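K.L.:
Chain by chain, the residues run as shown.
2 protein chains.
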Amino acid sequence: MREIAIIGIGQTPVSEHWEKSLLVLAGEAIFAALQDAGRESAEAIYVGNMLSGILSQQEQLGSLIADWVGTTRGVEAFKVEAACGSGAAAFRLALMAVASGEVDSAIAVGVEKMTDSLPIETNSGLATAADADWEVIHGLTFVSINALVMQRYMYEYGWEQDDFAPFSINAHANAVHNPNARLQFPITPEDYRKAAVISAPINLLDASPIGDGAAAVLLVPAEQLPLGMGAPVITVAGSGAATSSIAVHDRRDPLWLRAAEFSAKQAYHQSGVGPQGVDFFELHDAFSIMSALSLEASGFAERGQGPRLGLDGEIRIGGRIPITTRGGLKARGHPVGATGMYQIVEVVEQLRGQCGNTQVDGAKVGMAQNIGGSGATILTHILKSRK
Amino acid sequence: MREIAIIGIGQTPVSEHWEKSLLVLAGEAIFAALQDAGRESAEAIYVGNMLSGILSQQEQLGSLIADWVGTTRGVEAFKVEAACGSGAAAFRLALMAVASGEVDSAIAVGVEKMTDSLPIETNSGLATAADADWEVIHGLTFVSINALVMQRYMYEYGWEQDDFAPFSINAHANAVHNPNARLQFPITPEDYRKAAVISAPINLLDASPIGDGAAAVLLVPAEQLPLGMGAPVITVAGSGAATSSIAVHDRRDPLWLRAAEFSAKQAYHQSGVGPQGVDFFELHDAFSIMSALSLEASGFAERGQGPRLGLDGEIRIGGRIPITTRGGLKARGHPVGATGMYQIVEVVEQLRGQCGNTQVDGAKVGMAQNIGGSGATILTHILKSRK
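Line order of the protein sequences matches chains A and B. Going by numbering that gives the first Met the number 0, the letters in the first sequence line up with residues 0 to 386, in that order. Going by numbering that gives the first Met the number 0, the letters in the second sequence line up with residues 0 to 386, in that order.
Extracted from the complex, chain A is given alone in its bound form:
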């Protein structure tokens, strides 16, 4: 595969953007990425989005966004959907499009608009990420599926609720320094302990907030870049995608993210680095239990021992494997189809050294992992910085 570089990034704050449409949000992120790269356009646009058809009565976002950003040449554009993994799916497809030689530059953008709808509509929309015939029909929501997994995990491995607190506390601590985060405030162990239960054992501070937002990058073949540029070049060193069953009860082991294991191994193999070579990890902490499972399946913790990394402080900036360095889903927010692209943008920010108080010193290798459903579709990407 030809080497691909990310030469531009853009994002909107994650918020309740009642005054901005899907198009306006996507456009802001795309224009920011183009401006960041010093380019005027790209040959293709791949859009990651989950809910536009259901919540905005609008499909065919590819054409709509391509038209909105003014590509007079009518560039190629599609929407890609893999539930909450849609963002990274768009990134992977942009990557393959450029790698194949079919296009010489591509924008990957993730965009989602969730806060204009009634909560019941948004929850029904999110439930389409679960198995309609075998899960949703029994009244399961997306939170309750994760609650069942967390309960089982605590039972199997003997953890207490409080043991998950460091994941959320760390995410909030980092979001304080991210101007694009939805929840820019710290939380204490006391806050976590007192948080209202949503679906036992998951409480409000175990769960990520939804939101509206968009994030985008511009990809080109690395060979296009002039030699000897001052700024570091960010390249895609590894890309992996894998699936598991959607229905959690169909999995041989409901506490093991098989698709995380497979996609991470693929990304490790391509990039030539293993978990020990990764400087920081933007993982998919939709619920705190998913942080634990993701760390384990990706090789950072033993099976059942994910919470230990949090309790020992290893996930903080300066620890062995800093995670959610810009706030993660928990505090940056989780505009579902856009989340995977926020992760990629944040990895680039770290590799460029743009993260101020939450900068990972000397970061050269960053990993992002985006999850669709409760582990049904998982994509892992490893980016590297080189002079």
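These are computed hints drawn from the structure, not numbers from a lab. Keep in mind it's a predicted model, so treat the numbers as computed, not measured. It is possible that some hints are incorrect.
The list treats identical chains as interchangeable, and a pair is accepted whether it falls inside one copy or across any two copies.
Heads up, simulated SDA-like pairs for lysine to any residue below, C-alpha to C-alpha not over 25 Å straight-line [to be verified]: (1) K19 x S123; (2) K19 x W133; (3) K264 x A221; (4) K363 x Q265; (5) K363 x D162.
Given chain A's structure and the hints, the job is docking chain B onto it.
P.N.:
For chain B alone, coordinates are given in the frame of chain A:
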């Protein structure tokens, strides 16, 4: 780009499959394609689908289908959406995935389930292919948008309604010999003249029927194939994708399919053949007006002269440029997100010489064109057969 071959095809009949779910339909097409190729699996599955979220309350079809067909390795799988162009979009992404080297075999499958819903639900779903803010809000449906285009076309170029009849008569004549077609009966000029008007000037026989169905192909690099096989090898010679504005009133010329022109030119350029080198053309006759516009923008007729090809018999088997040789959208049926994949499968059937009474003699080069919305997303593919 490395040369890609299609080594397996599969399809279900287009029908009202009330007893079969999305999964069952997709599975039947995929298993048929694998069996046709003599293979047991593929490394990735790209799903073209438009309406599963809205009509079946189910997203994340990629994982769901990958799981259903029993890929124990948890292969990569996503859903791709470009309204009625979703099928060809899935094909193009499968093509780029294999061409990039990220995977060495890929299934592209288009699947749609439309007849279990109330007509009002299906129509609302289809309207998400139009511009929600500028078209649908005024009460336009998908048929009425096409009706406005047809009316304008007749006014500008002086055609009568009857001049469009050959498109529908030809499609039905060919569908009689396609066991997978939804409407396997011929129609007469008299039938066309008496057909009920749906949205003036479009009548029932100008419009394609919806339906449930799935179609799939298996793609591999051509270099994998053993030399000197008896059967012809079908390769992808050209692939193009382009967009235009979704809202028809936003186009400089509402009677010109810019995205058809751009994507066809791209496919011609890649394949080294022009319109004169194409032996038959599976075009997107969602409405008869679209047949005329597609023939013009793709270089088979002068501007405003598309109907002439029908009136002169040039679109029939044996004519200068046979179209809709298996019935087209009009008579094979239009399960929207699957349609683009039916077209690809049908081109392969012709190039293999499997079409019996509607076989295009000595067909070596076939073209397929799939349209999302009223011309917003258009993909053109050229396939070749070689010994």
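K.L.:
How would you classify K363 and D162 at a CA-CA limit of 25 Å: within, between, both, or neither?
P.N.:
neither (30 Å within a copy, 66 Å between copies)
K.L.:
Can you tell me if K19 and W133 fall within 25 Å by alpha carbon in one copy, between copies, both or neither?
P.N.:
between (36 Å within a copy, 16 Å between copies)
K.L.:
Go through the copies and call it for K363 and Q265: within, between, both or neither, with a Cα cutoff of 25 Å.
P.N.:
So K363 and Q265 pass the 25 Å test inside one copy only (19 Å; across, 39 Å).
K.L.:
First find the shortest C-alpha distance between K264 and A221 inside one copy, then the shortest across copies, and answer within, between, both or neither for a cut-off of 25 Å.
P.N.:
within (24 Å within a copy, 28 Å between copies)
K.L.:
Pop the pair K19 and S123 into one bin, within, between, both or neither, using alpha-carbon distances up to 25 Å.
P.N.:
both (23 Å within a copy, 23 Å between copies)
Figure legend: structure checked against the earlier numbered hints; the only hint not met is number 5.
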